[in-house]
Each structure stands twice: as structure tokens, then as C-alpha cells.
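J.: Residue strings, one per chain:
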Amino acid sequence: MRITCPYCGNRSLDEFLYHGDAEPQRPDATADNAMDAFVSYAFERTNPPGQHHELWYHEAGCHAWLVVTRHVSTHAISSVDIARDLAKARTPNTAGRA
Amino acid sequence: MAREHFSIFSIMREAWRGHSGWTPTWRDAAPKPEYDVVIIGGGGHGLATAYYLARTFGITNVAVVEKGWIGGGNVGRNTTIVRSNYLLPGNIPFYELSMKLWEGLEQDINYNAMVSQRGVLNLYHSDSQRDAYVRRGNAMRLHGVDAELLDQAAVRRMVPFLNFDNARFPIHGGLLQRRGGTVRHDAVAWGYARAASLRGVDIIQNCEVTGFRRDSDRVIGVETSRGFIGAKQIGMAVAGNTSRVAAMAGLRLPIESHVLQAFVSESIKPFIDGVVTFGAGHFYISQSDKGGLVFGGDIDGYNSYAQRGNFPVVEDVCEGGMALMPRIGRIRLLRQWGGIMDMSMDGSPIIDRTPVAGLYLNAGWCYGGFKATPASGMCFAHLMARDEPHAVATAYRLNRFRTGHAIDEKGMGPQPNLH
Ligand SMILES: Cc1cc2nc3c(=O)[nH]c(=O)nc-3n(C[C@H](O)[C@H](O)[C@H](O)COP(=O)(O)OP(=O)(O)OC[C@H]3O[C@@H](n4cnc5c(N)ncnc54)[C@H](O)[C@@H]3O)c2cc1C
Ligand SMILES: [Zn+2]
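As given, the protein sequences belong to chains F and E, one line each in that order. Okay, so the first sequence: first residue is 0 according to numbering that gives the first Met the number 0, each after it adds one. Okay, so the second sequence: first residue is 0 according to numbering that gives the first Met the number 0, each after it adds one.
Accuracy of the hints is not assured; some may be wrong.
Partial chain F-side listing against chain E, Cβ under 8 Å, derived [unchecked claim]: (1) Leu-12; (2) Tyr-17; (3) Gly-19; (4) Gln-24; (5) Ala-41; (6) Arg-44; (7) Thr-45; (8) Val-71; (9) Ser-77.
The following residues of chain F were derived to be distant from chain E, with all beta-carbon distances above 10 Å [unchecked claim]: (10) Asp-31; (11) His-62; (12) Asp-84.
Simulated from the structure, these hints should not be mistaken for laboratory data. Note that the Cβ used here is the ideal one computed from N, Cα and C, for glycine as well.
All chains should be modelled from the sequences, with the hints used to inform the complete structure.
T.: Rendered as C-alpha cells:
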């Protein structure tokens with residue numbers, strides 16, 4: 000398994016650190032269901048056998064956080080995105096600030 | 000089907016008869032329409048649960064349904080190490096019960112599981128690591144578990160060929176549990192299967208659970224590739240496939256599936272008589288009775304349902320081995336494989352009811368569930384028979400993450416690839 004970093008190109012797996020499922024988003028701490036939402040955010044995972052969006056950090060390269068889409072039963076990678084771009088797209092009102 | 004009692008006399012009799020009289024070890028059953036209890040998963044934990052349900056709790060109308068063949072999962076893929084050298088109060092009594100059950104297992108099930116208490120030695124390489132082992136050893140002894148702290152000279156006497164004077168990670172000593180050791184993993188699956196089968200349990204292979212049937216909020220049976228099977232109670236013991244099976248009941252669990260690799264070398268003469276673990280990297284090794292060196296290291300570290308790993312971990316394990324005992328460098332590797340493990344968010348297991356009435360969960364065994372097999376079976380059987388947790392498994396609750404009672408041996412937080 001190798002990962003193609005958008006900045007650095009196709010690189011060996013041991014240049015990257017894994018940080019798990021990229022789907023959980025930090026919930027609103029003031030919402031009524033905050034307790035449930037945080038338990039789910041911190042501890043519960045869908046853990047699917049197929050396509051998985053996951054966070055990888057290019058530690059021995061450009062230090063970018065990446066969101067890799069990988070089939071976890073075949074290790075086939077279908078896309079690699081820069082996590083920052085996805086985060087900006089999700090919260091457009093903070094786009095100019097970073 | 001097998002009724003014979005295994006003994007020195009039965010082995011001698013069969014030797015004289017050219018081994019023509021052995022019968023199948025267990026009964027390969029077809030599913031009945033309904034059971035009191037259906038256990039999903041014919042690994043070590045599922046088979047042990049069925050056995051203790053029958054033997055200890057008198058519940059014999061039980062089926063174990065297995066999608067492949069029994070022993071094809073992690074129970075037949077692990078590196079066979081058993082030990083009870085844990086630190087936290089929620090864990091020690093459970094793993095010590097398991098060790099005691101291992102000690103009496105072969106007499107109990109009348110099957111040679113090659114339980115070998117050859118000792119487990121964890122090496123330390125710094126003062127702080129020694130302090131951590133002192134603490135662990137004391138925690139064990141306070142719970143009545145054997146633990147000995149060895150200095151460098153004592154370790155040298157046991158395993159003189161280690162790389163003691165490694166410039167970066169010199170070996171200062173080790174924590175030894177003499178009662179730890181290894182058990183023949185396949186024989187555990189076969190032995191429990193035979194003993195359960197003899198007490199009336201149906202072992203149904205090539206039978207994949209594909210869904211749950213419900214009556215309002217209660218499960219009443221499983222849909223399988225061999226048709227519907229009704230059940231008053233259903234227990235899940237499917238290790239690396241836990242999230243997948245639980246999802247069929249609408250559950251989302253604190254579990255990720257990860258791959259762990261293991262390695263076996265060509266056979267050599269007796270070399271290492273116990274289990275040795277390297278404390279500076281992650282590497283552990285023992286020698287099988289066939290002579291192969293059995294070793295492994297860290298999990299690959301990313302979600303995986305593929306029963307094979309990648310090269311960075313192969314390299315890492317071999318580097319660990321070379322740092323610890325350079326003389327293994329010229330031994331050739333014979334086989335290498337992977338298994339999918341149910342990594343929980345705190346590194347500790349779950350034996351509990353689920354929010355779905357009638358459905359019970361046994362999961363979260365990470366890379367260390369083989370040693371737990373007997374106690375896991377006993378406690379899961381207790382939970383289903385009495386509908387309350389066994390005294391040594393009261394901490395293994397599914398809601399402990401919500402209530403703040405996580406059992407985090409390594410203190411890593413909810414990051415499964417670090418446990
Ligand atoms: C390489 C490796 C080394 C290890 N080393 C050690 C060690 O030294 N010491 C230790 O204590 N532990 C070790 N472990 C961990 C240990 O092997 C596991 O924690 C333990 O075996 C899991 O329990 P089990 O035996 O019931 O699992 P399994 O044998 O995996 O049983 C689960 C069964 O469920 C079945 N199943 C799954 N889905 C379905 C379905 N839908 N329907 C029907 N059946 C289904 C599977 O086919 C499988 O047979 C190791 C694991 C690996 C992979
Ligand atoms: Zn990069």
C-alpha cells in the first residue's frame with residue numbers, strides 16, 4: 000500500500016501516520032444532545048468493510064493532513080484530498096480566515 | 000461420533016490398530032429450526048461459551064453458527080501466548096481466572112491442548128520502564144498473581160544470547176510471569192468443539208449470519224445462508240467482524256477492525272524455551288514444539304478487513320528481532336499471515352448485553368483475546384444464563400465510555416491503533 004500525496008507524489012506507507020475515521024465531526028457542545036453526540040464522536044465508529052474516509056498525516060513529507068478514501072478489504076485507494084480543503088468547504092464562513 | 004475418552008490407553012490401542020479407529024472429533028450439525036441460545040462465531044470464544052453454557056449452566060439446546068470453518072479465524076491465527084500480567088483492577092481478576100482455567104483445561108475437556116507454562120518474560124531497558132514493571136508486578140501480586148522482577152544477571156542466566164549491551168536499548172532486566180506460556184491454538188478450538196458437541200451443542204459450519212429477525216424490540220432469531228434459525232437468546236462472538244454483524248442489529252460500536260501480522264521461521268533445534276518480549280520496540284518471540292520461531296510485533300495501524308498486512312510492519316518486526324537477538328538474522332522466514340482484530344477504544348474487551356433485548360455482545364479483544372478464551376467463554380455463558388455479569392467481568396460494560404469508566408491499560412485514549 001502506497002499513498003499519493005497531492006504535494007509530494009506517490010510515497011511509501013511508512014512516511015505517514017494514521018489518525019482514523021475522517022467522518023466524525025466535533026459536535027456542538029451547547030446542543031441539547033451534546034452528551035450523546037460527544038460519546039458518538041469520541042468513541043463510536045461505523046467501521047465499514049468497504050470504502051473508508053480516513054485521516055493520514057504526511058509526517059516524513061510535507062506535514063499535510065490528508066483525507067484518503069480507501070477500500071479497507073482491498074487497500075485500493077480511490078482518492079486523496081487535502082483535509083484543510085474539505086474542512087473549508089464544510090464551513091464556508093471561516094474560509095477566509097486560515 | 001466421538002465418544003471415546005482420550006487417554007494413554009486409547010492412544011496405545013490406536014497405535015496397535017494403525018490409527019484406524021479414530022472417529023470425527025465433533026459432530027458437524029445441520030441447523031434445527033430453533034435453539035435456546037445461538038452463538039454467532041465459531042472461534043475460541045464462541046466455542047468456549049457454548050461449552051460452559053452446557054457444562055456449567057446446564058443449557059444444552061445451543062448452536063454455534065460459523066460462516067467458514069471453526070478455527071479459521073483469529074483462534075487459528077494467533078501467536079498462542081497466554082499470560083495474566085495486567086495492571087488495572089478491572090482486568091487482573093478476569094485474566095487470572097482465564098489462567099486458572101487454562102491450568103485445568105485439559106483435564107476438564109479431556110483434550111490435549113498442549114498448555115505449556117514456559118514463562119513470559121517482558122524486558123525493560125531503562126529505569127522508568129523498570130519502575131513501570133515494578134508497579135505492574137506489585138499490582139499483580141496484590142491480586143494473587145505470580146510476578147518476579149529480574150535484574151540483568153538473572154535475565155542473562157535465562158536467555159544468555161540476547162543483545163544486552165545494545166548502545167541505545169541495553170537490557171536491564173525483566174518482569175517474569177512463570178505461569179504464563181503458550182497453548183496450541185487449533186487444539187483449543189477443536190477441544191472446546193468436541194467437549195461442547197459431546198454435551199449436545201450443535202456446531203454448524205458454512206453458515207453465515209446475514210441478519211437478525213425481530214419481534215418489536217426483541218431479537219427472535221438469525222437469518223443465515225442456511226435459512227432462518229430461531230433463538231431465545233443470541234450471543235455475538237465474531238472478533239474482527241463485530242461492527243459488521245452488530246450493524247445488522249442497528250448498533251454502532253466503540254470498535255475498529257485492524258490487521259495484526261504474525262511470522263514463523265523454518266524449524267530449528269531448541270533455542271528459546273519461554274516467551275520473550277522486547278520492551279524498546281514491539282517484538283515478541285517464542286518457539287513452537289515443531290521448532291519454528293513464532294514472532295510478531297505491532298498491528299499495521301490502519302482500519303483493515305484484509306487478512307494480510309503491509310511491508311512497513313514486516314520490516315519493523317524484523318528490525319525489532321535483530322535488535323533483541325541478532326543471531327536470528329540468518330534464519331529463514333517460512334510463513335507470514337494476518338488476522339483481523341476487534342480493536343476497542345480503550346484496548347479492553349466488552350462482555351455485556353446490548354440495547355437490543357435478547358442480543359448479547361462479546362468483543363473488543365484487540366490483539367490479546369486468545370489468552371482470554373476460557374474466561375471469556377465462562378463469563379459470556381454466565382451473562383446469558385443468569386442475565387447478570389460474572390463477578391470478574393463487571394467492568395466490561397458497553398456503556399463505560401459514556402460513564403467515564405474506560406479501562407485503558409496503556410493510557411492512550413480513544414485511539415485504537417495505539418493500544
Ligand atoms: C496474528 C495474531 C496474533 C495474535 N496473538 C495473540 C497472542 O499471542 N495471545 C493472545 O492472547 N491473543 C492473540 N491474538 C488475538 C486473538 O487471536 C483474538 O483476540 C481471539 O482469537 C479472538 O476471539 P475468537 O477466537 O473467538 O476469534 P475468531 O477465531 O476470529 O472467531 C470469530 C469467528 O466469527 C466468525 N464470523 C464472523 N462473521 C460471521 C457471521 N456473519 N456469521 C457467522 N460467523 C461469523 C468468523 O468466521 C470467525 O471464525 C492474536 C491475533 C492475531 C491476528
Ligand atoms: Zn506530502
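J.: Now tell me, hint by hint, if it's right for this structure.
T.: Going through the hints against the structure:
1. Contact between Leu-12/F and chain E, as hinted, is supported at the beta carbon level, the nearest pair being about 5 Å apart and thus within 8 Å.
2. Interface restraint check for Tyr-17/F: the shortest CB-CB distance to chain E comes to about 5 Å, inside 8 Å, so the restraint holds.
3. Checking Gly-19/F against chain E by beta carbon gives a least distance of about 7 Å; that is within 8 Å, so the hint holds.
4. Contact between Gln-24/F and chain E, as hinted, is not supported at the beta carbon level, the nearest pair being about 15 Å apart and thus beyond 8 Å.
5. A hinted interface residue such as Ala-41/F counts as satisfied when its beta carbon comes closer than 8 Å to some beta carbon of chain E; here the least separation is about 5 Å, so the hint holds.
6. Restraint check, Arg-44/F versus chain E: the minimum CB separation of about 5 Å is within 8 Å; hint holds.
7. Taking 8 Å as the C-beta cut-off, the interface hint given for Thr-45/F holds, the closest approach to chain E being about 6 Å.
8. Among the interface hints, the one on Val-71/F holds; its C-beta lies about 5 Å from the nearest C-beta in chain E, closer than the 8 Å criterion.
9. Restraint check, Ser-77/F versus chain E: the minimum CB separation of about 15 Å is more than 8 Å; hint violated.
10. Once the 10 Å rule is applied to beta carbons, Asp-31/F is consistent with being away from chain E; the minimum gap is 16 Å.
11. Chain E leaves His-62/F outside its interface by the beta-carbon criterion, the shortest separation being 19 Å against a cut-off of 10 Å.
12. Distance check for Asp-84/F against chain E: the nearest CB is about 22 Å away, which clears 10 Å, and the non-interface claim stands.
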